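Asks: Sequence:
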Amino acid sequence: MKIPSLILSLFLAATHLISAQDKPAYQLFDKNGKKTTYEKMLKGASKGEVVLFGEFHDNPISHWLELELTRDLAENNKLVLGAEMFEADNQLPLDRYLKGEIDQKGLDTLARLWNNYKTDYKPLADFAKSKNIPFIATNVPRKFASLVYKKGFTALDTLFATEKSWIAPLPFPYDPKLPGYVKMLEMSGGHGGENLPKAQAVKDATMAHFILKNLQPNTIFVHYNGSFHSDYFDGINWYLLKDKPALKIVTIASVSQKNLTKLEAENLHKADYIIVVDEDMTKTF
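Numbering (this note's numbering), first residue to last: 1 to 285.
I should point out that these hints are in silico values taken from the structure, not numbers from a laboratory. Since the model is a prediction, treat every value here as computed from it, not as a measurement. Just so you know, even glycine gets a beta-carbon here, dropped at the ideal spot from N, CA and C. Among the hints, erroneous ones may be present.
Computed list of lysine-lysine pairs in DSSO-like fashion (alpha-carbon distance at most 27 Å, straight line) [said to hold, decoys possible]: (1) LYS78 <-> LYS99; (2) LYS248 <-> LYS35; (3) LYS129 <-> LYS78.
Pair ranges (Cβ atoms, derived) [said to hold, decoys possible]: (4) LYS151 <-> GLY189: 16 to 26 Å; (5) GLU186 <-> GLU279: 15 to 25 Å; (6) LYS99 <-> GLN216: 31 to 41 Å; (7) LEU268 <-> GLU186: 12 to 22 Å.
Full structure from sequences and hints, please.
Replies: Here's what the structure looks like:
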């Protein structure tokens, strides 16, 4: 064998070996299934008035990209942050933490924080604190979502005025035919009945309400929520557009697949940008 041919063969073999050992953790796609890049997602997000970042609550890639996107957006844009993980009646202790009036121990005591708060959401809160960015507790208190699950929307009429201030104004619209709510019933096998998607809807409506309430001119509201709350452009997205049809919303969804090279058919059109994470990715909790 000639020396140049031998060198070429060795080079090709080495390239194949490196390729075989490459293990990307995620791949970005647009809604049509075309591969895209982080830079394009950042550019797209910067054009929105609201960014709905749909995460997997236990996925480190979701949380890392949330933080990175927020940091990068903050370089050239005014931001307001908000999250499903903070319930509206916990806004005061969250504000006190952001102002430095209480420390982390105080926030732990006064607010109902998720089990993975310190690893997955504290970095976002601390970034907001360091940059004086407002952070809005957008979610309905869970006991009220539970109340809807047990007794339906009419049970919300029994709440005190202060309690009603922590949910979307009553009555709010509800469409049981939205794909997300239909799918929820299908996945539950019918368990929970018609009140199951209603409990989801009170969360979606409330998060949308507090996003709209805290929108500011020339500012991007970045909202972190479970992907199910904004997949297929319904959920929170639907409620936002009900009140403000011209609102510019950019949605991001998280999905898991065995193969990262192609977006599976069921994940097409799930959001403007879709983060496909390796299904073997480790969990944060």
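Asks: Does each hint fit the structure? Answer for all of them.
Replies: So, going through the hints one by one against the coordinates:
For the given pair, LYS78 sits about 18 Å from LYS99 by alpha-carbon distance, which is consistent with the 27 Å threshold. With a C-alpha separation of about 23 Å, the suggested pairing of LYS248 with LYS35 holds against the 27 Å cut-off. About 14 Å separates the Cα atoms of LYS129 and LYS78, which keeps this hinted pair within 27 Å; it holds. Take LYS151 and GLY189: their Cβ atoms lie about 22 Å apart, and the range 16 to 26 Å holds.
Between GLU186 and GLU279, the C-beta spacing of about 21 Å keeps the proposed range 15 to 25 Å intact. For the pair LYS99 and GLN216, the supplied restraint of 31 to 41 Å is violated, since their beta-carbon distance comes to about 18 Å. Range check, LEU268 to GLU186: Cβ separation about 19 Å, and the 12 to 22 Å hint holds.
In summary, the structure is inconsistent with hint 6 from the numbered list given earlier, while agreeing with all the others.
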